[in-house]
Amino acid sequence: MKTIRTTRAMAAWSERLRREGVTIGFVPTMGALHDGHRSLIRAARLRSDALVVSIFVNPSQFSPTEDLSTYPRPITNDRALCREEGVDVCFEPTAQALYPQGFQTIVTVPALARRWEGAARPHHFTGVATVVTKLFGIVRPNLALFGQKDYQQAALVRQLVEDLNLGVAIQVRPTVRERDGLAMSSRNIYLSADERRIAPLLFQALRAGQEMIEGGISDVAMIEQIMCQTMEQAPTIHVEYLAVCDPNSLEPLSVVADRAVLLGAVRLGSIRLIDNRPVKIPGRKSRTTR
1 MKTIRTTRAM
11 AAWSERLRRE
21 GVTIGFVPTM
31 GALHDGHRSL
41 IRAARLRSDA
51 LVVSIFVNPS
61 QFSPTEDLST
71 YPRPITNDRA
81 LCREEGVDVC
91 FEPTAQALYP
101 QGFQTIVTVP
111 ALARRWEGAA
121 RPHHFTGVAT
131 VVTKLFGIVR
141 PNLALFGQKD
151 YQQAALVRQL
161 VEDLNLGVAI
171 QVRPTVRERD
181 GLAMSSRNIY
191 LSADERRIAP
201 LLFQALRAGQ
211 EMIEGGISDV
221 AMIEQIMCQT
231 MEQAPTIHVE
241 YLAVCDPNSL
251 EPLSVVADRA
261 VLLGAVRLGS
271 IRLIDNRPVK
281 IPGRKSRTTR
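Our numbering applies: residue 1 is where the sequence shown begins, and numbers increase by one.
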């Protein structure tokens with residue numbers, strides 16, 4: 001496995017392979033890799049001739065009050081996982097390399113970013129959209145894979161790729177979970193034993209909403225009430241939102257016609273967890289979704 005740290009060397013490596021007709025797969029990450037990342041890497045490995053994984057803790061998507069300085073950076077373990085999975089290049093740029101002195105361009109996807117995670121973390125999606133656009137321009141992949149756990153992020157990336165004609169095929173892979181349903185996340189290691197015990201309630205709440213929809217309930221107020229009641233089993237959990245949304249626009253629904261996505265975010269102490277459940281009413285003809 002090759003480690004590349006400069007944007008110029010990364011671009012040159014990709015350009016050489018593209019001229020040879022090699023299909024480049026790409027998995028962008030912030031490191032602290034776990035089995036969710038592993039599943040993305042394995043799927044990308046099967047779909048591409050050459051595979052790049054980036055490891056970059058992007059400062060532009062953190063607010064001053066968030067955990068940039070303490071975000072886990074186990075780079076030795078991350079490289080080992082990439083090596084085990086047959087990654088060809090581990091791209092590890094510095095912040096200075098991606099945001100050199102005088103850098104001033106930002107990318108925004110305002111409609112998709114204005115609710116949910118965008119409202120809770122106002123600078124987050126501008127940072128995500130900007131760094132993803134830069135990474136795509138440097139790596140120049142044919143294919144990039146993202147996890148469904150960050151549903152809103154994946155929707156935003158799809159939109160910017162379409163709007164800016166970036167020519168990257170985006171694939172979103174299912175969320176990888178612990179045995180009790182908790183979505184795998186690099187931040188899960190910060191949960192205390194008590195917090196870890198109750199953390200799966202978010203998954204359980206979303207699953208309860210999913211079961212109502214699949215059982216024929218279409219009234220969103222009823223669905224959201226049941227999800228909130230599930231979370232009341234643990235008063236120490238602070239619910240930021242539990243919502244039933246259109247799976248494309250992420251706008252809140254009042255009635256589920258055929259498809260929806262259930263989105264949730266909670267706080268356990270200082271740790272913030274997000275999750276989602278795409279769902280379809282059985283037997284209903286679906287509208288076209290991207």
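Please keep in mind that the hints were generated in silico from the structure rather than gathered at the bench.
Some hints could be false.
Okay, the calculated beta carbon distance ranges per label pair [claimed, not checked]: (1) Ile189 with Pro235: 42 to 48 Å; (2) Gly215 with Gly86: 42 to 48 Å; (3) Met1 with Arg197: 36 to 42 Å.
Think of the CB as a built atom: it goes at the ideal place given N, C-alpha and C, for glycine as much as any other residue.
Beta-carbon spacing of glycine 215 to glycine 86 - inside the hinted bounds 42 to 48 Å or not: Between glycine 215 and glycine 86, where Cβ atoms are some 43 Å apart, the hint holds.
Arginine 197 and methionine 1 - C-beta distance against the hinted 36 to 42 Å: Holds: the Cβ-Cβ distance is about 38 Å, inside 36 to 42 Å.
Range hint compliance [Cβ, isoleucine 189 to proline 235, 42 to 48 Å]: violated (24 Å)
Of the hints listed earlier, the one the structure fails to meet is number 1.
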